[in-house]
Every structure is written in structure tokens, then in C-alpha cells.
Amino acid sequence: MKFRVPSVWLPHHPPEHSVPFRAATLATVMCGILATLHEQEWPAFAWFVVGLTALGFWVSYRRRTMSNWWIKALLFLAMLAALADFLVNLVYSPYDPRIPLANLLLWLQTLHSWDLPARRDLNYSLLTGFILVSVAAVLSHDMTYVPFLAAFLVCALLTLHYNYVSQAAENARPVAAGPAAEVGFRRLLRMVAGLSGGLVLVGAVAFLLLPRYGGMKIRALPMSLRLNLPNMGNGQIRNPAYPNMEGRVGGRQQRHFDPNNYHGFNAVLDLNMRGQLSHEIVMRVRSSEESYYRGLAFNHYNGDGWEIANEDLKTVTSLNPPLFIPDSQGDREVVQTFYLEKDMANVVFSTFHAFQLFFPTDTVYVDAHAGIRAGFPLEAGMVYSVISMYRQPRPAWLRRIPSALGRFGPPPRRPPMAWFRDAIAQGDLDLPDGLPQRVRKLAQTLTRGMGSDYEKASAICLYLQNHFVYSDDIPPFPPGSDTADQFLFVYRKGLCEQFATSMAVLCRAAGIPARLVTGYIPGTFNPFTGYYEVKSADAHAWVEILVDRFGWVPFDPTPGFSATVHPATRERQTSMLGPVVEYLKEKIGLERIARWEAEARRLLDPYALLGVAVGGIYFGWYGWLQFRKPRTSEGGETETPLRRLRRRARAAARRLLGRREDDTPAAGVMDAYRRMVDQLARRGHPRQAWQTPWEFSREAREAVPQAQEAIADLTQRYVRARYSGQPVDEAGAAAARDSLEDFTRQAGHRNGHPNEAPKVPPST
Amino acid sequence: MWRRLASWLRWRDEWTIVALGGFLFFIATNTQTGWLYVVVAFLAALLVLGFIMPRVTLRGLQAAREVGVAVFEGEAASVRLRVANPSRRARYLVTVVDVDPVGGTQRFLIGRLAPLATVSMQYEVRPARRGVLQFAPVVLETATPVGFFPHQRRLEAPAELLVYPRAPEAQRRRVPSQARASAASSQTYSRAGHSYDFLGIREYSFGDDTRHLHWPSTARAGHLMVREFQDLAAHSLCVVVDNAPSSAPPAAGDRPLDVACRLAAAVARQARSESCSLVLLAGGGPGEVRAVHNPRGDRALEWLARLEPGTANSWCEVIRAGLDQVPRRAHLFVMATAPAVEDDVLRALAERRIRLEVALVESDAATAEAYDGAERTLRAAGIAVRRVRLAS
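Which chain is which? The protein sequence lines are G and C, in order. When the letters of the first sequence are read in order and numbered with my numbering, they come out as residues 1 to 764. When the letters of the second sequence are read in order and numbered with my numbering, they come out as residues 765 to 1156.
It should be emphasised that the hints constitute simulated quantities derived from the structure, not laboratory data. Don't take every hint at face value.
So the derived list for chain C, only partly shown, Cβ under 8 Å to chain G, looks like this [said to hold, decoys possible]:
1) LEU800
2) VAL804
3) PRO850
4) HIS915
5) ARG917
6) LEU919
7) PRO922
Computed footprint of chain C on chain G, listed as stretches where at least three residues anywhere in the stretch have a Cβ under 8 Å from a Cβ of chain C [stated by the list, open to error]:
8) 122–130
9) 183–192
10) 261–267
11) 504–512
12) 528–534
Don't be surprised by glycine CBs; every beta carbon is placed ideally from N, CA and C.
Given the sequences, and given the hints that come with them, work out the whole structure.
Structure (C-alpha cells):
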């Protein structure tokens, strides 16, 4: 006896028989699966999932009319197992659930593909495909996602189309109306191509108009799995690109420049090291706001370089993320996730001040200048997140805070705060003994009479930005010379380190505690991935000054950069047009192309004008002549050569696109008539330019009396199709083709009745 | 409007896309994932295209409907729909919906409508009772290409189908022998009923021979008057259809009026086969009658097909209002739908030597006793009565 499950348990939906619909759904789902697997870098089970899904679709199709209760029961158990696996993985990776979630979705889709009897189930699969491709979007860091997304969109369009076809055909009788009414594969492809083009155009506009609000409110921030790497050096700076510069002693001897690694991420910053940094992407950053990524701060200047004096490393430990960084202050939150693409020094980058750190170790080190270091060099592929609390400086308020030391200005009204005195004690005001006097005089000139440190620093910064040139074409400065002095009075151009050094030295000379900071500028925002792509060449140096009663305020004196380094929020940005243009400029060099275009225009202008004039005169004359002298084409049409050219171009385009000439019934009728006229012309009865179709018909009937009826019928159909304005149905086109066949058969017998046997020449 | 709103609010695929897009936008905003914005943008584009394309697809299409002129009750009538695409752009997946007047809905799916092409569809309707069937506009609908935001366009394709009452075979009646005998004896006349035994002058009615116009009386009366001849009146059949308002209650099946019309059709057919003159009478507006004299061809059937309830409450009122249109000595058939008998009407008919036969169509509108009483009264007056029960 066969066991039957009550229908109450298994609601019945009519099975879906459409193979194209199922194939399109499979293709869509596959695109989603492959995109997700690609973003996971093809895990071991990848092809297993792909194969099982394809097999599941096939089995679903074969068993679409059966109840399949036992398959459903097995699937239920398998889904429970997948859920259990997800929960276990979540325990191992509680701070980045994306990968376990992606795997769970992959398995659910794979299992679901084994039970797709009805249209509704296929629609669920399509929805899962959308979710999978969205998961892949979340995981994607680069542009390799594009082919998967493009393929997915085309397949999704096809699936939605077939879904609608199935839906529409459910309650309606299909109308059989000949070959012109059939939606063949070619027509379908053309339709989908057109729709995809429209989708891309409208999608591009929608993408540009989509508002982007400041987000990153979700606190489950991604980070790499916990690493059990050994702590090396208890927080000493370790840069694998500059192994001999570890520590302070003897580091100055290293002169090898690594273009993929900025030499400022070391314990010492050699200001005479020269080299061109590469454009290799070192990290991608997802940030709620656009900001500089601060790495290290140097406070000891010795004339040709900077060092970190009084490191006073503090150890920050936590068994579970996040690690709370001490002494953070601020009122504005910046959330950032760093995806490292290259091996780097053990410097942890973040917006100033880092507050919470989601890092794959339980211990980090914080120096006295708020620089964060890991216990080991950072490796490519590592992910960490930082929440920073940024204190927004308000210039109007900062200008009202009197200078703490009152150098070159009015004397201070009250003593500075304790932490200001600590900074002075740590050497943040120190200058080398050999600093030339003209540097101090310049500082005095720039800041004389100013009452606040912020005002003085702003004046120095603007002076540097406006009077000096950024250039990487400078030789190392002479040994024993002071970098700031050489930059300010000899070369007057330099790199960001020279600008920052000069500002820090001038600030210190003016009695403002200052330090040099190295890190990265925000990088290029990729509006498609949502990441800031930070290249090696984006490494940068800037300055922080200490303002009494406020704290450290960053300044960037390098020309072309904003003087005040504040995170720029992307909140309420209503258009992506700017970032997209910027990104395209960066990627495909639009500026260069624009320059070439301008150059070409400049060179070609006179010739182009001449060409346009000559061409205009020639075509005007030619067109006028052709307009006045219509000719008869080989098809019997009276038309100007220009129209004939256009018709031929259209025909060529049709052939190129694979479209038949008789695509429409009316075109079919006209084509049949043209063929008849061609045949008559070959027989020595061409249609004259002055002849109307009926005049030609009379002449042709006299010339070929055995095909009278066919000629008359074709002429009548042609005139109706061409001039009446009435639509022609498929039956009319078929009748015209039949008449053409009759004509061809009957006209083949030049003499006598068509039923007579053709005359055979006597054999010799 | 409410129905449209309700159909909009019903959960559809496009709402799923809207919900998914909103959710992904929320995730994108919270994770700053650029690719999710791209996916959301494409979902938005999908919705925009899904909204625009159905409207573009239906624009400019033309529809026409061809229906035969008339059929008899219970016969199939062929309806042909033609949808034309006068543009140079093909249209895909257009559903043609036609609600036929009988109550069925026909749906046809056109996979592709080629440029400058016409597609025709055909279906049959089988009207159960007589009347004039008016067809609703043809509805074209589509949600091509992706099934979002379905759009409808109603195209006027006016057509009407006359449904003639089918005369029951068993009800075939014979023309009274007296009339038939007269017709047989006057073989020299071009038409039965033509004789020169002058009977009188009466008002012209449609169908009268114009040769019999009496011009002096016409001049005096100010409207057309004709001479009436004795034999012509003797060969006349007259049918009064009782179309009281109660004869056509809103019901799906047969109504008394329909049965009465079938009986009248039987008489009309008989009159035609016997070449008798015929007058059809029924109630019209207040105090008026609808009449047709000597209908040619299928005009009697058409008249019966178009007959709607009037304001007269009984056949007696119809006869009273239209007595002058009943030829003297005519044979009068009354298809009564209510058991109403009025003596003065019977007397007036007797005075005009009009022979009366009554068919009583019984329905639930009156009790059996009422029909019995009417039958007794009529039989007492020497009038032949037949009772026809309405099939339930």
C-alpha cells in the first residue's frame, strides 16, 4: 500500500513545466552562488555546492508532479544540520558573522534546489539568489564582483520574464498567429539585451541619485580570526620593509627605500631618504567618515630626522574584543574597518583618538603620543576595526584661548594646564641646538602680535602652503644641515615630511608644542565598493600642535591639502556623481584623455573647419542633385540614392543583427513584390521610374500572360501594404509568398501553358 | 477606484522587490557597502522599467470586434477579436480580456505582436435567452517584461448581438381555417388578403401598401390614411405580447416575457409561412404601445429580441391603448404573463369582431388560483385559452 501524506500537510501548487523558466532560475541562482564563493576565495566545498545545486534543479524538474514528502523530510533534517553548523561557526567567529551567514545561505539554497516543483518555489529561489548576490556584495572588496553582478542581472531579468510568461499563460489561451508572433530565442536575446541596456542606464542614474547617509551603526564590526602570533619586542616598532631600523640606535645607517612601504612607519623618520612611493593598494578602508589614518607621532627633532622620545608604552589587554584604548576623548564617533592588502609595520591606523579596537589579538600597545602598535607586524589579509572618538576643533573658540607661553606676543594671563606642562617636559618644544637663527626669526615674523597658539599655527600653516612648492624632485640635503632651514631658505620645495617638519619647527620656535605625525590620507573613494582605496603613495606626514585647554589639533601644511585635518562626513550626500567622476578620473585617467583631446582640437581646428566647409558644400550639392533626380533601384522602387543608401544600410544592419527581411508581415509582402519585380527585370521587363505599380502590372501581365493572376495578386497586396496604411496580418504575408511561388513557377515557362512540359533541345 | 487601490495593495512581486531594496539600502547604509548600493540601484531600475514598459507596450494598440448579426437562443455565436499593432515596434506578452455579455471571461495571450501586424482571436458565446447583447470594451493588459505593475487599457470595440427568441416546434399553430380558405380562394391576387371589398379607412401604419393610400382623407387628417379591404383584415394575425414590468424579473433563467416572446415568434413564423399580414403589439411608455405591422424578413424576430418591459400593467391595457391598430376581424393572439382579464376589453374586441386566443404564461408572480380564475373567465367568454408553465 502506498503511503500518502494528507494534503493539509503539503499544500498543493500546480507544477511548473517550463524548462526555460527553470534554466533561467538555475542560472540566476548559480550567479549568486558563484559570486559568494568567489568572494570567499573558493572554499573547499565550492564545487560540491555548485554540483549539488545543479543536480537538485534537475531532480526537482523530474519529480515536479510528485509529492516528494520524503525528500522534504530529508531536506528539513539537512537544514537543521546547516543551522547547527552556522551556530558553531558563529561561536568561533562572533565578531564577523558574514562568512558563517554566507555559508548558511549557500547550504540553504543548495538544499532548497532539491524541492522546486512549482512556480512559487522557483520564485523563492530567485529571491535567495538576490540575497546571495547581496551577501557577495557585502563581502566584495574590489571590482572582480562586476562580472558576477552583470551576469546575475541578465539572468534575473530572464527569470522574471519567464516567471511572467508562466503567470500570464496560466489563465489565458495562447494565440497562434504565425512565425512573426513567436518569441524565438533570437528575439528573446534581443529583447533581453535591450532591457539590460535600459536597466544599466536607469540603474546608473539611480545609483548616482541614491542618498548615502552616514552609517556604520552596527556594532558587530568585522575583524580577522584571533591570531596566536607571538608578541615580539613588547610593542617596539617592527617594519618588515626596514628591518635594520628597529629601535633607535643605528637606524640612521639604513638608506634603502622601499616603494611599497613608507619609511615614516619606523621608530625614526629619516628626512633625507628619497624615493617614489608606488601606487599599489596597501589597504582598503570602510569608514563612516572621510579622515586621515593616523599611525605614529614623532616628538624629537634632531635636524635631519624625527624620533619617538619617551615612548612610555602602555599595554592594553582584553580577553574579548574590543580593546579599550585609554585617554580617548571626543564627542564624534568615526567607525572604520581596515582590510590590509600588503604586509605592513605593526602600526595600527585609526582616526585620532582611537577608542575601541576590534583587533585579532588580546594585547596592543599604546605609546605616549597615542600611537597604537601590535605585538607583531601586520600581514596582508588581516582585518581590524576601530571606533574613534574625535573632538571637533572649533576655530572661533580655539582662537580665543590665549597662548600658553606667550612667546612673541602678549604674556599669558594664567599658567598652562598640567598636561600642557607635561608635554613641554617630554620635549615637545625642544629644538636642536644648531637650528639657525633665521628659522627662529621667521617664526617670530609670522606670529608676532598673535594672542592664541591656534592663530599662530594657522598663520604658519598658511604661509607654508602659499609660499612653498610640493615636489619630489629634491636631492638629499647636505650632511649636517638642518632640514627645516634648508627647506625654508634654500630649496623652498619638498615633500610632505619637509613641510610638516618645517611647520613643527616653526611652531616650537613660536612656543607652541608640536609633533610630526605619519599616516595615510583617506585614499580614493570607490563609490562601487564603498571602500577607500589607500595606496602606498597615500602615505603622508602632517603636524599636531598642542592647544592649552583643548588638546592636540592636527594641521596639514602641505599645499593641496586642507589645512585643518578634520574628518569630513559623507552624511546626507545626495549624489554619487562627484565621487564617481573622481574615481573614474583616478582609474582611467580622464584628465589625461581630456588633455589629449584639447591638444588634438588645437592642432586640428583649422583643418576640421575646412573639412566641414568642403563637406557641407559637397553634400549639399550632391543632396540637391539627388533630390531632383530620383532613380529606379533594382527592386523597382523609385527613390533617391540617399534613400537607397539608407535602405541598404538598414538591410546590412538587419543582416548583421541576424534579423530577417520579412520580419513583419507588411515587409514580407513588399519583399515578395520586390522579388517578383527583380525576376521580371531579369527577364527583360524592368519597371520604369515613371510607372505606378498598376501600370507596371499591366505591362508585366502582357509580357508574362501565364502568370497574370499571380502578378495581379502580388501587385494588389503590395499596393495595400505599402500605401493603404492598414496593418497586414500574417495570413496576408503568407498569401503573398504563395503568389510569388506561383509566379516563379509559372513564369519559368516562357512559351505556352505552365502545365506543358518544357521544351527540350534536340540532342546532337 | 477602491478596487484599483485594493489591487495595488495586494501583495505582488514588485512589493517583494521594494521590501528587499529597502532592506538592502538599510544594510548598505549601516555597513557602507558600495556594491549594495549598486544592487539597490538596479532593483530601483528594475522597478522603474517594470512600471514604464507595460504602459509603453499597450500604447497605440487598436482592437476591433466582429460579431454576427443575430442568433437564436441557445445557438453559438462566433466573436472575433482583432488586435492591431500599427507601430513599427513589436509588442510582447499582451493579454486580451473580453468579458462576453453572457457572463464568461475570455483571456488570450499574444506572445508577440509583430510591427504593423494584426492578430485575431475567436471564441463563441451561447446566449440562453433572447435579447440584445451589448459587448463591453476589450481590455488589453500586460505586465511585460518582468511581471511588475500590470497595466490595463480598455479599448472601445462596440458590438451588439441580437438573440432571437426560438419558437418552440411543438407550439406551431395553424392559421384559422376561415382565413386560410379565403387565402386559397383568392389565387389571382398578388398576395393573400388583397381584395377590393372596401372595409374602411384607417391610419397608415408601417408596412401598409402605399398604393392603398387614401389621399383625400390624408389631406383632411393631416397624416397618412390608407384604405382597408375586407379580405386583408380577415387574413390578419395580431399578437399582443404582455410585457408588464412584472414579466421580466431580474433572474438568470427564463422569464415570463421570454416565454411570451417565444410564443409570439411561433405565431410570426406561422404568419410568414402562410403569407398572412401580421401586427405585433406590446406596451410602451405610459399610454403608448409599440407596434410593428407586416414585418418583413427577420424584423418580427428582431422586434421581439429587442422587446423590453413596458409600463402597461397587463395585456388588457395594451389592447385598450392599441385597439385601433388591430385590424377588424383579425385573429388576435395574446401572450399574457399575468392573469388579468378586463371585461370592457373583451367587449371591445367582440364589437370589432376580433377573434381572441390567449396563452397564459404561468410564473411564480401569481398564484395558481389566479390563473385558474382568469382561465375560467376567458373560457366563459368563449375565448380559447392555453396555459404554458414557465420552466423552473
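Status of the hints after comparison with the structure:
1. LEU800: holds (5 Å)
2. VAL804: The hint holds - VAL804/C has a Cβ within 8 Å of chain G, the shortest such distance being about 6 Å.
3. PRO850: holds (6 Å)
4. HIS915: HIS915/C check fails; min Cβ-Cβ to chain G is 13 Å, beyond 8 Å.
5. ARG917: Violated. Min distance 16 Å.
6. LEU919: Violated, because the Cβ-Cβ distance from LEU919/C to chain G comes to roughly 15 Å (cut-off 8 Å).
7. PRO922: violated (20 Å)
8. 122–130: n = 3 at 8 Å, threshold three: holds.
9. 183–192: Answer holds; 3 residues pass the 8 Å Cβ test.
10. 261–267: violated (count 0)
11. 504–512: Not satisfied, violated; 0 residues make the cut.
12. 528–534: n = 4 at 8 Å, threshold three: holds.
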